[in-house]
Structures are given as C-alpha cells and as structure tokens.
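Peer 1: What follows is each chain in one-letter form.
4 protein chains.
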Amino acid sequence: MIKVGVVGGTGYTGVELLRLLALHPQVRLTAITSRGEAGLPVAEMFPSLRGRVDLRFVTPQEAALEQCDVVFFATPNGIAMKQAAELVAAGVRVIDLAADFRIRDVAEWQKWYGMEHAAPELVAEAVYGLPEVNREQIRSARIVANPGCYPTAVQLGFLPLIEAGVIDPAHLVADAKSGVSGAGRKAEVHTLFAEAADSFKAYGVPGHRHLPEIRQGLARAAQGEVGLTFVPHLTPMIRGIHATLYGRLKAEADLQALFEQRYAAEPFVDVLPTGSHPETRSVRASNMCRIAVHRPQGQDVVVVLSVIDNLVKGAAGQAVQNMNIMFGCEETLGLDIVPVSP
Amino acid sequence: MIKVGVVGGTGYTGVELLRLLALHPQVRLTAITSRGEAGLPVAEMFPSLRGRVDLRFVTPQEAALEQCDVVFFATPNGIAMKQAAELVAAGVRVIDLAADFRIRDVAEWQKWYGMEHAAPELVAEAVYGLPEVNREQIRSARIVANPGCYPTAVQLGFLPLIEAGVIDPAHLVADAKSGVSGAGRKAEVHTLFAEAADSFKAYGVPGHRHLPEIRQGLARAAQGEVGLTFVPHLTPMIRGIHATLYGRLKAEADLQALFEQRYAAEPFVDVLPTGSHPETRSVRASNMCRIAVHRPQGQDVVVVLSVIDNLVKGAAGQAVQNMNIMFGCEETLGLDIVPVSP
Amino acid sequence: MIKVGVVGGTGYTGVELLRLLALHPQVRLTAITSRGEAGLPVAEMFPSLRGRVDLRFVTPQEAALEQCDVVFFATPNGIAMKQAAELVAAGVRVIDLAADFRIRDVAEWQKWYGMEHAAPELVAEAVYGLPEVNREQIRSARIVANPGCYPTAVQLGFLPLIEAGVIDPAHLVADAKSGVSGAGRKAEVHTLFAEAADSFKAYGVPGHRHLPEIRQGLARAAQGEVGLTFVPHLTPMIRGIHATLYGRLKAEADLQALFEQRYAAEPFVDVLPTGSHPETRSVRASNMCRIAVHRPQGQDVVVVLSVIDNLVKGAAGQAVQNMNIMFGCEETLGLDIVPVSP
Amino acid sequence: MIKVGVVGGTGYTGVELLRLLALHPQVRLTAITSRGEAGLPVAEMFPSLRGRVDLRFVTPQEAALEQCDVVFFATPNGIAMKQAAELVAAGVRVIDLAADFRIRDVAEWQKWYGMEHAAPELVAEAVYGLPEVNREQIRSARIVANPGCYPTAVQLGFLPLIEAGVIDPAHLVADAKSGVSGAGRKAEVHTLFAEAADSFKAYGVPGHRHLPEIRQGLARAAQGEVGLTFVPHLTPMIRGIHATLYGRLKAEADLQALFEQRYAAEPFVDVLPTGSHPETRSVRASNMCRIAVHRPQGQDVVVVLSVIDNLVKGAAGQAVQNMNIMFGCEETLGLDIVPVSP
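Chains as they are written, first to last, in the working numbering: chain A, 3 to 344; chain B, 3 to 344; chain C, 3 to 344; chain D, 3 to 344.
A portion of the hints provided could be inaccurate.
As the list claims (entries may be wrong) - In silico DSSO-like cross-links for lysine-lysine, where the CA-CA straight-line distance does not exceed 30 Å: (1) Lys-5(B) with Lys-84(B); (2) Lys-252(A) with Lys-252(D); (3) Lys-188(C) with Lys-188(A); (4) Lys-113(B) with Lys-5(B); (5) Lys-113(D) with Lys-84(D); (6) Lys-5(D) with Lys-84(D); (7) Lys-84(C) with Lys-188(C); (8) Lys-113(A) with Lys-188(A); (9) Lys-188(D) with Lys-188(B); (10) Lys-113(C) with Lys-188(C); (11) Lys-5(A) with Lys-188(A); (12) Lys-252(B) with Lys-252(C).
Stated by the list, open to error - A few chain B positions that, by computed beta-carbon distances, are all more than 10 Å from chain A: (13) Ile-81; (14) Ala-91; (15) Arg-297; (16) Gly-300; (17) Glu-333; (18) Pro-344.
Claimed, not checked - Some chain A residues well away from chain B (every beta-carbon gap over 10 Å; in silico): (19) Asn-136; (20) Ala-221; (21) Leu-251; (22) Ser-284; (23) Gln-299; (24) Asp-302.
The set of hints was computed from the structure by calculation and includes no laboratory data.
Don't be surprised by glycine CBs; every beta carbon is placed ideally from N, CA and C.
My request is simple: use the sequences and hints to build the entire structure.
Peer 2: Have a look at this one:
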C-alpha cells in the first residue's frame with residue numbers, strides 16, 4: 003500500500019483527488035492538511051465523501067507527512083516550493099498540482115507568478131508530469147510538476163503535429179474554453195453562479211499564466227521557439243476544457259494516422275474517428291483526453307479539437323496517473339472510470 | 003459471470019445502465035437491442051462508452067435474449083409487458099426499468115398509463131424492486147419492477163415516519179424536483195436546453211403517473227389508505243431528484259433516531275446529521291439516497307429532505323442493486339462509486 | 003421629473019434598479035452611493051449599463067441625498083434604519099429594499115435579524131409596500147418597506163384563499179424555489195457557479211428570515227394567527243422564484259373565479275387559465291407575477307403555483323411600482339417590459 | 003403606424019420579434035402566420051406574451067399579408083424565396099430573417115443550402131441588412147436579407163481591421179461560440195437540456211453555412227478574396243454569441259482608435275476600453291454588439307472579442323433596426339433596451 007498525504011484538501015483539485023484516492027486499491031490515505039479547517043471531518047465539508055473518507059483535516063504539524071510515501075500538494079501556487087525540499091530530503095516523493103515546478107526558467111516563472119521562487123534547485127530536478135511525453139523520467143522522479151489544465155489539453159492536441167514537423171510552429175492559435183471549476187473554490191464575485199451562468203467571456207487575453215507553460219512544452223517538441231496565441235474563456239459549465247487549436251500546414255501528411263499512431267499506446271488519449279467533434283461531457287469525471295483532427299475544406303489550416311475534464315486529466319487524475327507510474331502500479335489503477343454522461 | 007441483455011439501450015436509463023454494467027466485475031454484457039439503431043456501435047451513439055462497450059445494437063431477433071441470465075428492459079412503458087412472459091418461461095430473470103409491473107391494481111395501471119395491460123398475471127408475480135422494503139422477495143424474484151425515480155426518493159423519505167405511525171397518513175405532501183434527464187432522451191420541445199434552462203416550473207399537478215405508485219407503497223407501509231398530494235417540478239439541472247416531504251406529527255418521537263435506526267443496515271441510504279440540507283450533487287452519479295429530517299420551530303410539521311440521482315438510485319443503479327440481490331452478489335458490487343462533486 | 007438617489011448600488015437589486023430607472027421617463031437619477039466603490043463609474047462595474055448610466059459611485063457625504071425626492075436603499079439589512087430618519091425629516095421619501103421596516107413587531111425583527119433596531123418609531127410609520135394589499139397607504143407613505151422576494155410570491159399566491167376564508171389558515175405549506183441571484187452579489191463559496199450549478203438543495207428549513215414576514219402578511223389577511231411551514235430552496239438558475247403553495251380547503255369555492263376576481267384590476271398579477279403551470283421564465287426581467295390554482299383530483303387540497311422574477315417584482319420592480327404610486331405616476335410607468343423568453 | 007406581418011412566428015426568432023414589435027411605438031402587428039398552429043392564440047404558445055400580443059396564429063391564406071407595409075419571414079430557409087416575389091409585387095417590403103437572400107452567388111447558396119433557389123432574380127435585388135455596412139441601400143430596399151447571427155458578430159469584429167488593411171486577409175480565424183437558442187426551437191435530441199447542458203463542443207468544423215456568408219462580407223471589405231477558418235461551438239447558455247477573432251497584423255496601427263472611429267456613429271456597436279473582455283450577458287436581450295480589441299504581448303497577432311445576443315442583434319433586433327431604417331424611423335426606436343444582467 004502506498005501511504006499518501008494530501009496538503010491542502012479544501013479546493014476542487016483536493017476533493018477530486020480524494021474522490022479518486024478513496025477508491026484506489028493501492029492507496030492508504032493517511033493525512034489531509036488544512037490550516038484553516040483543522041479538526042473538521044473532511045466529509046463534513048464535502049458530503050459526497052461521506053462514508054468514503056473518514057479523516058479529519060489536520061494541521062501540517064500533526065500530519066507526519068514525512069512518513070508518507072508520496073505527498074500531493076493541492077495548494078495555491080507558492081506553497082509546495084517551500085515545503086517540498088524537506089519532504090524530499092526525508093525520502094518522500096512529491097507531486098505538486100500547483101505551478102511551482104512547472105516552468106524550468108525560474109526568472110520567467112517569477113515574472114508570471116509574481117513572487118520569488120523559494121527552491122530553484124528543485125525546479126531543475128522536477129519532472130514535468132505529462133506522461134505522454136515524460137513517462138520514463140516520471141518513474142524515478144522525486145518531484146513531479148503536475149501540468150496545468152489548459153496546458154494538458156493544448157499540448158496533447160498540438161504535439162503530434164509539432165513533433166512531426168507538419169505545421170508552422172511560429173503561428174499557433176489555441177482558443178481554449180474552461181468550465182468554472184477551473185477558477186477554484188475561492189469566494190470571488192466573478193465566479194458566482196449569477197455572474198458566470200448563462201454567459202460567456204474570454205479572460206486573460208493580454209497574458210495568462212498557462213501561456214509560458216504551454217510554450218515551453220511545445221518548444222521542447224519543436225526543438226526551437228514557437229509563436230503561440232493563447233486565449234482562455236470561461237464557459238458556463240462546472241467541468242471540462244475544450245481546446246480548439248489552429249495550425250498552418252507546411253507539409254502534407256495523413257493527419258488522422260499521425261494522431262492515431264502518436265497515441266496508439268496511450269491509455270488516456272483517445273483519437274476519435276475522422277470528422278468527429280468531441281464533447282466535454284464525453285470525458286466528464288474521467289481521466290480521458292479525446293481528440294479529433296480536421297482540415298476544413300482541404301485548406302492549409304489544421305484544426306484540432308481536444309477535450310479533457312479539467313479536474314481529472316487536467317489535475318487530480320493526471321496526478322494519480324503520475325503516482326501510478328512512480329510506484330510501479332498499472333497506470334490505469336484507480337482511474338478505470340466510465341465518463342458520466344449525461 | 004452473469005450473462006446480461008439490455009432491451010432498449012438508447013435512452014438515458016439505458017446508457018446509465020451500460021456505464022454501470024461496463025465496470026461490474028460479475029457481468030458479461032451479451033446484447034443490447036434497439037430496433038431503430040440495429041447495426042450501430044453503441045459507443046458511436048454514446049462516445050462516453052468508447053473503449054468500454056464494444057457491442058453494436060442488435061434487433062431483438064438477433065439478441066438471443068433467452069440465453070441471458072437476466073434481461074433489463076430500459077424501454078418505454080408497454081414493451082416489457084409484451085416480452086417478459088417468454089423470457090421468464092425460458093428461465094431468464096427480468097428487471098423492468100419502466101412501469102409495466104409496478105402497480106398491482108391492473109385497472110389502476112390501465113387508467114394512468116392509457117393502455118391495456120398485456121400480462122396481468124405477471125403483475126401479480128412481479129416484485130416491487132425497492133430493496134429497502136422488499137429485499138427478501140427480490141432474491142428469488144423472476145420479475146422485478148424497478149421503482150420510478152420520484153417514488154424511490156419519496157418512499158425512502160416517508161417510510162420511517164409512516165411505518166412508525168408518527169405522522170397522519172391522510173395529509174401527506176410530496177413536493178419533488180427533478181433534473182431534466184428524468185424526461186428521457188426524446189426529441190421534444192419542452193425539454194430543449196433553451197426551454198428548460200434558467201427556468202423552473204411545476205408540471206402534472208392534476209395528476210402524475212408516479213402518484214399511484216407512491217400511494218401504493220405508502221399505503222402498504224401504513225397498512226391502510228393514505229392521502230397524498232404530489233407535485234413534481236422540472237429543475238434546470240441534468241440529474242438529481244430532491245423530494246421535500248411534509249407530514250403532520252400525530253405522536254412524539256425522536257425523529258433523527260427513527261431514521262437512523264430504520265436505515266442503519268442499508269448500504270445506499272445515508273441519514274445525515276440533524277440540521278442538514280442534502281444537495282443533489284452529493285449523490286451525483288452514485289446509487290446513494292441522502293436524507294435529512296427536520297421539525298421546524300418545534301411545530302407539529304415534520305419536513306423530510308430526500309435526494310437521489312434519478313438515473314442511478316432512481317433507475318439504473320437500483321436495477322443493478324436488484325440484480326446483485328437476485329444473483330447473490332454483494333449488494334454494492336459495481337456500485338461502489340464516489341459521487342462526482344463538483 | 004422625480005429626483006432619485008440610490009444608496010448601495012453594487013448589488014443585484016441595485017443594478018436591477020438602475021436598469022429600470024435608466025428607462026423610466028419621469029426619473030432623473032442624481033446619485034448612486036457606495037462607500038467601497040466611490041469614484042468608479044457605475045458602468046465600469048456593470049457594463050450592461052454602458053451608455054445608460056453615466057454617474058460614478060459617490061460616498062454618502064457627496065451624494066446630497068437630502069435634495070432628492072426619493073431615495074432607494076438597496077443596501078444590506080441594518081443600513082436604512084440608521085439613515086432614513088434624517089432623510090424623512092428633510093422631506094425625502096424612502097423606499098427600503100432591505101428588511102429594516104418590514105416587520106411591525108420590533109422584538110420579532112430583532113430576533114430574526116440579530117441586531118438592535120435603530121429606529122423603532124419609523125417601523126410604526128412605514129408602509130409595507132405590497133401594492134396589491136396596501137396601495138392606498140403607499141400613496142402617502144414617507145417610508146415604504148419593500149417586500150422580500152419570497153414574501154411577495156407567497157403572499158400573492160395565498161391571499162385570495164385566505165381573504166375568502168376557504169382554506170384552513172392553521173396548516174399552510176409554502177415550498178419555494180429561488181434562483182441564485184436571490185443570495186446577492188456577495189463573494190461566498192456556496193453560491194459559486196461550481197457549487198450551485200447542476201444541483202438543488204433546500205436551506206434554512208429550521209427558520210428563514212422571510213418566515214415572520216410572510217406570517218405577518220397572511221395573519222393580517224386571516225385576521226388571526228396562521229400556521230405556516232416555509233421551506234426555501236436554491237435552484238440552479240439566475241432569476242426567478244417559484245412558490246408552490248398547499249392549503250387545506252375548508253369551504254367549497256370556485257377557486258379560479260376567486261383568483262381572477264381578486265386580481266382583476268391588478269396590472270402586475272396575471273391569473274393563468276385553469277390547468278396551467280407557470281414557468282419562471284414567463285416573467286423573466288418583468289414585474290409580473292403569474293399564478294395558477296389547482297385542486298388535484300378534486301381532493302381537499304388546493305395547490306397554488308406563483309412565479310415572479312425575484313429581482314423585479316421581488317425587489318427592484320416592485321420598488322419602482324411603489325415609487326410610481328407614491329408620486330402619482332401611472333403605476334406601470336417604466337415597467338412596461340415584455341418578459342425575455344427564451 | 004407601420005402595418006406588420008410575421009410569417010412563421012413559432013420559433014425563437016419569431017417570438018423574439020414579437021417581444022420587440024409588441025413595444026414598438028410605430029408598429030401595428032396585423033398577422034402572424036403558422037400553418038401548423040393556425041387558430042391558437044400566440045400567447046398560449048408563448049405565455050411571456052400574455053397581455054401583449056392578442057393575435058392568433060393564422061394560415062398564410064387568412065393573413066392578408068399583401069396589405070401589410072412590411073412582412074418579416076421568421077421561417078426556415080427556403081420559404082421566403084417562394085413567397086417574397088408576390089409580396090414585393092404588391093408593394094410590400096420584405097425582411098427575411100432566414101438565409102434565402104444572403105448569398106449573392108446563387109450557385110454557392112445552392113451548394114450550401116442543398117436546394118434549388120426559387121427566386122435568383124430577387125437575390126440580385128436584395129440588400130444585405132447589416133446597417134453598419136449597407137445603411138443607405140437598406141433605406142430603399144424592397145427586400146432585406148437579415149444577416150445570420152455568427153456573420154453579424156464576426157463581420158462587425160473583423161471589418162475595421164480589413165477595411166483599414168492592417169491584417170492579412172488570407173489567414174483569418176473566427177472561433178465562435180453560440181448559445182443553444184441559435185439552433186432553433188425544433189425538437190431534436192442534440193439540443194435537449196440533458197445533452198447540451200454542462201458540456202461544450204465544436205460542430206460543423208468541415209463546413210458551416212455561415213462560412214460563405216461571412217466570407218462574402220469580408221471579401222467585399224477586403225476588395226478581394228479572403229482565407230477564413232470558421233469554427234462554431236455550442237455553449238451551455240440560452241442566448242449570446244462570443245466571437246474570438248484572430249488576424250495577422252501586416253501594418254502598424256492604433257487598433258483601439260481604429261475601432262472607435264469606425265463605430266463612432268453606430269448606435270448599436272460599443273467599442274470597449276482597451277484591455278476589456280466583453281461578456282455575452284452584457285448585451286443580453288439587447289441589440290448591442292460590444293467589441294474589444296487586443297494585441298497580446300505586442301506580437302503580430304490581433305485578437306478581437308465581439309459579443310451579441312444571437313436572437314436580437316443576430317436576428318430579430320437587427321431586423322427591427324432594418325425596418326426602422328426602411329421606414330424612416332429613428333434607428334433605435336423600439337430597441338431602447340437596457341441589457342438584462344445578471
């Protein structure tokens with residue numbers, strides 16, 4: 003059994019992690035920390051976990067995290083970077099669901115996240131936890147930087163095209179739409195039901211923190227700089243990301259075959275038949291990414307549609323997938339979920 | 003392994019049944035019938051089932067249902083009553099998710115359902131599949147009449163009070179609210195998104211088909227007639243039923259203890275602590291019913307709040323629960339789901 | 003022209019009031035106060051008002067409210083009671099959209115609202131602003147207590163029955179459902195989109211502040227005590243209240259005629275034909291209340307369905323209606339809105 | 003008074019047209035036709051119109067449309083082309099809200115709409131009713147082809163850039179998101195609430211009928227061919243279109259000034275301040291188009307955000323705007339609506 007600790011279990015990635023871990027046959031959940039809620043039974047805050055998670059929130063001090071095999075950070079940005087070193091030194095493996103270890107260029111990270119990085123040396127060591135790219139490095143990683151939700155959907159959609167060199171990497175457009183749970187479980191006016199329901203808007207057009215993360219991943223695949231315009235949008239739904247990706251073809255290719263081959267062995271990427279339009283609900287509550295590739299009217303523009311559940315493949319599910327890889331479990335263990343639809 | 007056939011797999015109870023059966027460790031799904039869609043891969047109609055259900059829809063003729071151990075009818079009302087006799091004669095057990103066998107008074111059934119009953123003799127034999135009431139009879143049943151969604155939520159909420167004789171059975175009010183999936187996957191104007199979203203309405207106030215079913219169940223518990231006003235409402239959500247139940251106290255009782263004792267051994271009924279207000283999302287995608295009981299301001303009115311997922315405990319999940327009981331499986335097998343929230 | 007000031011224009015009743023006042027032909031909007039947002043153009047906070055409201059928020063000090071003809075308080079409870087006396091003394095008429103002047107029994111008010119009342123003498127003077135009951139007193143009122151949203155829908159639904167003495171006032175049930183905007187524009191977790199969407203729950207079953215307000219209104223009509231069970235619910239829609247009301251008939255009556263006669267002259271109450279089920283969207287964005295009355299299966303229970311837009315007839319629209327009455331305008335002036343549907 | 007007839011008033015553009023016409027001070031509504039619903043009071047189908055529209059649906063024969071000043075066709079594609087000639091010959095002016103007269107290249111129209119055009123000569127005469135482009139021709143038009151919803155949002159967003167020649171017209175991307183009412187009030191499975199809620203998808207990526215219409219409009223402005231990739235998406239909201247537009251800059255320009263100048267005199271186009279992100283709800287129920295222009299990180303890509311209410315500026319409101327222009331009314335008459343938000 004893998005002894006698991008969760009730091010910061012009061013947000014949406016936290017409760018989703020608990021949903022998945024509660025049923026994982028190889029996991030023993032030992033501590034869930036929350037400074038603010040210490041003492042409260044977890045299932046009192048999240049009634050969906052009644053009968054499933056019997057723990058109470060504890061303070062970090064009480065948690066004895068150093069005795070865990072792995073600790074998940076489901077915290078705001080800037081927490082894991084302060085606590086990971088000590089855990090790693092104690093032999094605990096760390097999976098950070100926030101952004102602290104995602105950007106290899108620390109100066110760039112500091113610019114976008116507006117704070118000084120507390121552990122640049124760990125950034126260098128951390129493995130970016132996109133299994134479809136870094137599976138081998140994840141196996142032995144001491145720190146995994148679990149990817150952001152938009153970056154997961156966008157990279158999985160663009161990678162086959164960029165790796166194969168069939169689109170112009172200088173002019174990529176990623177138009178992405180997210181459900182409101184992506185904004186987290188914070189009391190804020192703009193994500194109130196009466197603000198966000200029955201409406202649609204873009205946000206962060208001048209610059210969103212997921213831009214450098216996506217750019218880094220695509221640049222690695224392109225083996226050079228990429229030009230990317232990334233526009234996120236808020237959609238009146240709870241879960242789901244739909245990335246609509248546009249690239250200019252610079253070489254002929256059987257696009258459908260390209261995608262099918264790239265992801266043939268991937269348990270969590272499903273390439274849909276030609277002509278398909280994936281819906282976000284087709285992956286709801288599951289760790290699946292479904293992708294369709296189009297070339298409208300045979301012109302030189304390729305359009306990729308990529309959907310994930312932002313809280314699963316875009317956060318907690320991918321974190322569990324990474325844990326499975328790190329601990330030698332079947333990669334799909336505990337993630338064998340049929341999407342909930344309707 | 004239990005060989006399972008599904009008749010009519012193109013509606014919401016059908017696809018939900020497939021979601022649950024696909025992961026059930028003791029089930030081998032052998033045939034899914036649909037006259038209209040014969041030949042179509044099931045996963046093409048329901049992409050959420052890609053990689054999970056590899057069958058195609060077949061005609062009833064091709065289905066060889068008589069070789070199944072159990073056949074679920076996820077059909078409109080009036081189908082199972084025509085086909086069940088032959089299956090039962092062939093030794094196949096039948097679980098009907100529609101209403102054909104729910105009402106013991108055939109004349110009453112005919113009045114509410116507007117057709118002649120094709121198999122009154124089977125009505126007499128069929129067991130009403132509410133495990134919390136009829137578990138023992140279900141074990142050996144050849145035909146199980148799976149309860150309606152409203153009747154499940156309303157009966158589970160009223161039963162402890164009526165069985166204990168603490169409320170006046172002559173003046174019961176059940177104000178119930180359902181998500182739109184309860185109306186089924188039929189192309190109709192009134193359940194279009196642009197009609198049903200961001201709006202709320204009652205319907206069927208003069209009389210709804212679930213009224214006689216609820217009345218029958220409560221009368222059995224009351225060992226006498228009951229007076230029930232039942233008003234269903236359409237709520238702009240996909241899944242979920244919330245029943246708000248009102249009864250007049252005629253005897254003092256520890257209401258909380260009454261509910262906790264009644265359901266102490268039930269795996270799928272969760273009595274919440276005093277003062278709780280269950281949300282439908284706390285049971286989303288799961289087979290759980292969560293109940294809270296209130297006595298506002300200490301007056302003589304008891305208010306019960308009862309929530310289920312209409313497609314699970316209100317349909318497909320309860321059907322699987324019944325199958326488990328019929329075939330001697332652990333009752334929770336394949337239903338060990340943590341609700342999806344948010 | 004009526005010189006109008008608005009105190010507290012940053013919430014939903016505030017912005018709705020501005021929507022209505024912006025088009026009112028007899029209104030000159032002179033000041034909108036907000037301590038927190040002073041200096042900010044109103045249309046920057048509410049882009050829907052761009053080109054319609056050119057004012058900036060000002061502090062109460064800058065607002066010169068004493069020069070207005072009427073001041074609306076769209077503030078949290080407990081504000082108007084502190085400021086109204088001075089305005090009234092200066093000859094300004096006051097319409098309070100909060101609860102400060104709604105409950106005549108000050109001790110009762112203090113119990114439910116958890117604070118000491120700052121102006122009990124004004125409570126005695128204030129007129130409860132339900133035009134369908136108090137139209138004549140409103141004309142000359144110096145202070146109008148604008149009714150709550152639930153109380154408006156529930157009272158309009160029950161009044162014809164109680165005034166006519168055809169139902170038992172000791173056993174009334176009001177099961178009410180509200181859109182989320184009813185909770186206001188406050189940053190709180192439980193009204194976040196990801197919390198409130200695709201879910202349904204009751205709240206405040208042990209006791210809601212609108213209970214004493216409704217009870218007071220019904221008792222006045224009954225000329226005696228009433229027994230009322232009131233259960234509010236949160237519905238995943240932005241606007242709208244649907245009240246489902248249950249009463250026990252104690253005398254025979256032509257219920258349809260009773261309602262039609264009671265509201266024959268009312269511009270904002272629409273009694274639907276027999277057998278109707280009003281949807282909240284049929285009044286969306288308008289000041290209308292639509293009502294249907296049923297007697298299911300001819301039993302002794304009468305069911306009334308009453309819908310309003312909680313922000314209009316349940317708040318800002320009714321406030322404008324009251325202003326029209328107070329200033330001798332046509333009662334429908336500025337409220338001549340066709341509901342927005344779909 | 004303008005005598006107005008409406009052909010086909012049972013869909014969403016029809017009921018929205020009636021909402022607007024009911025309050026238009028210069029309109030006398032004389033007939034609303036529907037073969038299927040002839041005899042039914044309009045307000046019985048649309049309770050939101052109770053007390054506002056007292057007409058019954060009539061057959062085209064009974065309608066005496068030739069005595070109208072103007073007839074609106076709120077019909078499926080292919081109806082107006084058969085009936086317009088006769089009306090025009092009788093001196094009646096025609097505004098077609100469907101697509102029959104939008105595409106000047108009849109062969110192209112026939113390819114996309116899959117039917118033979120019944121009145122090619124009227125196509126040549128018809129004026130494309132986008133007032134921001136064709137206001138002068140609209141004044142005297144006998145037939146106005148009211149633009150599609152997507153084409154309105156996309157053209158208004160791209161036009162300033164293309165007319166000024168600052169973006170490369172060969173590589174335009176329009177990623178557009180629509181509320182579900184855009185699909186019409188037809189009983190279809192894919193637009194059921196339980197299908198379309200809480201989910202997001204692209205559709206028509208291989209080719210959507212609005213593509214040639216947009217391309218025609220942009221080509222006119224570019225005075226030459228344009229290369230456009232257009233991807234529409236279905237969003238779980240009732241009303242609203244959000245178009246996110248991408249163009250490659252080929253010349254330096256003050257983009258903000260460009261937009262402000264282009265639309266300085268337009269009553270229904272609102273250019274937001276630099277850095278804005280318009281929400282669809284900021285135009286809900288109104289005829290306004292709100293636009294923001296961005297140049298992320300100073301790169302060579304311009305991003306335009308353009309929002310409309312698909313049923314108003316994208317259909318019925320624009321039709322009324324055209325009528326106002328045709329009959330010499332103030333252009334904003336009857337369209338003086340403050341958007342409904344929240």
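Peer 1: Each of the hints needs a verdict: does it hold here or not?
Peer 2: The hints, checked one at a time:
Taking the CA atoms of Lys-5(B) and Lys-84(B), the gap is about 22 Å. The hint holds against a cut of 30 Å. Between the alpha carbons of Lys-252(A) and Lys-252(D) the distance comes to roughly 20 Å, so the proposed pair stays at or under 30 Å and holds. Of the pairs offered as hints, the one joining Lys-188(C) and Lys-188(A) holds, with about 12 Å between alpha carbons and a cut-off of 30 Å not exceeded. For a cut-off of 30 Å, the pair hint linking Lys-113(B) to Lys-5(B) is broken: about 36 Å separates their Cα positions.
Annotation: proposed proximity of Lys-113(D) to Lys-84(D) holds, straight-line Cα distance about 18 Å (limit 30 Å). Pair hint Lys-5(D) plus Lys-84(D) holds up; C-alpha atoms about 22 Å apart against a cutoff of 30 Å. Between the alpha carbons of Lys-84(C) and Lys-188(C) the distance comes to roughly 22 Å, so the proposed pair stays at or under 30 Å and holds. Between Lys-113(A) and Lys-188(A) the alpha-carbon distance is near 23 Å, which keeps this suggested pair within the 30 Å criterion.
Annotation: proposed proximity of Lys-188(D) to Lys-188(B) holds, straight-line Cα distance about 12 Å (limit 30 Å). The hinted pair formed by Lys-113(C) and Lys-188(C) meets the criterion: a straight-line CA distance of about 23 Å does not exceed 30 Å. At roughly 29 Å between alpha-carbon atoms, Lys-5(A) and Lys-188(A) fall within 30 Å of each other, so this suggested pair holds. Under the criterion of a C-alpha separation no larger than 30 Å, the hint pairing Lys-252(B) with Lys-252(C) is consistent with the structure, at around 20 Å.
Distance check for Ile-81(B) against chain A: the nearest CB is about 22 Å away, which clears 10 Å, and the non-interface claim stands. Non-interface call for Ala-91(B) relative to chain A: holds, since the shortest CB-CB distance, roughly 34 Å, exceeds 10 Å. Every Cβ of chain A is farther than 10 Å from the Cβ of Arg-297(B); the closest lies at roughly 21 Å, confirming the non-interface assignment. Residue placement check: Gly-300(B) keeps its beta carbon more than 10 Å from all beta carbons of chain A (closest about 25 Å).
For Glu-333(B), the requirement that its beta carbon stay farther than 10 Å from each beta carbon of chain A is met, with the minimum near 14 Å. The claim that Pro-344(B) is not at the interface with chain A is violated, since a C-beta of that chain comes within 10 Å of its own (minimum 5 Å). Chain B leaves Asn-136(A) outside its interface by the beta-carbon criterion, the shortest separation being 24 Å against a cut-off of 10 Å. Taking the minimum C-beta to C-beta distance to chain B, about 32 Å, the non-interface status of Ala-221(A) holds against the 10 Å cut.
Distance check on Leu-251(A): its Cβ is at least 27 Å (rounded) from any Cβ of chain B, clearing the 10 Å threshold; non-interface status holds. Distance to chain B contradicts Ser-284(A) as a non-interface residue, since its nearest Cβ pair spans about 4 Å, not more than 10 Å. Even its closest Cβ contact with chain B, about 25 Å, leaves Gln-299(A) beyond 10 Å, as expected for a residue assigned away from the interface. Annotated as non-interface, Asp-302(A) keeps its C-beta farther than 10 Å from every C-beta of chain B; the closest such distance is 29 Å.
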